[in-house]
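S.K.: Sequence:
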Amino acid sequence: MGLIPDIADQRDIAIEWRKKFYTVLACGWQGTDRQWRHFAMAYLLIASLATPLVLSVHIVVSWDFATMQTPWYA
Numbered sequence: 036m037g038l039i040p041d042i043a044d045q046r047d048i049a050i051e052w053r054k055k056f057y058t059v060l061a062c063g064w065q066g067t068d069r070q071w072r073h074f075a076m077a078y079l080l081i082a083s084l085a086t087p088l089v090l091s092v093h094i095v096v097s098w099d100f101a102t103m104q105t106p107w108y109a
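Position in the sequence shown counted from 1, then plus 35, gives you this note's numbering.
For the record, the hints were derived by calculation from the structure and aren't laboratory data.
Positions of the beta carbon are idealized from the N, C-alpha and C atoms, including for glycine.
There could be a bad hint or two in this list.
[Claimed, not checked] Restraint-style ranges between C-beta atoms, simulated for each label pair:
#1 Ala-49 to Arg-72: 22 to 30 Å
#2 Leu-80 to Ile-48: 29 to 37 Å
#3 Ile-50 to Thr-105: 29 to 37 Å
#4 Lys-55 to Met-103: 50 to 58 Å
#5 His-73 to Glu-51: 25 to 33 Å
#6 Ala-49 to Ala-85: 25 to 33 Å
#7 Ala-49 to Val-96: 41 to 49 Å
#8 Leu-84 to Leu-60: 17 to 25 Å
Let the hints inform the model, and build the full structure from the sequences given.
M.R.: See the structure below:
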């Protein structure tokens, strides 16, 4: 999702078949104020969902390493 504005920039300067390719990947991005607001809100939503997931996974993995019976270097 974070690449959509960058892909749209590439679409604007591309030629031939690359322009069509980047047009599809840009998902209709035009860079309007409304699109940027939705982009920022979607980023915030994804970050708020991903942060607890990342923390829980790291806690479980560190707990697993801390309680294993064999040394990790063996």
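S.K.: With reference to the structure, classify each hint as holding or not holding.
M.R.: Structure-based check of each hint:
| no. | hint | result |
| --- | --- | --- |
| 1 | Ala-49 to Arg-72: 22 to 30 Å | holds (27 Å) |
| 2 | Leu-80 to Ile-48: 29 to 37 Å | holds (31 Å) |
| 3 | Ile-50 to Thr-105: 29 to 37 Å | violated (59 Å) |
| 4 | Lys-55 to Met-103: 50 to 58 Å | holds (53 Å) |
| 5 | His-73 to Glu-51: 25 to 33 Å | holds (31 Å) |
| 6 | Ala-49 to Ala-85: 25 to 33 Å | holds (31 Å) |
| 7 | Ala-49 to Val-96: 41 to 49 Å | holds (42 Å) |
| 8 | Leu-84 to Leu-60: 17 to 25 Å | holds (24 Å) |
The earlier numbered hint that this structure contradicts is number 3, and it is the only one.
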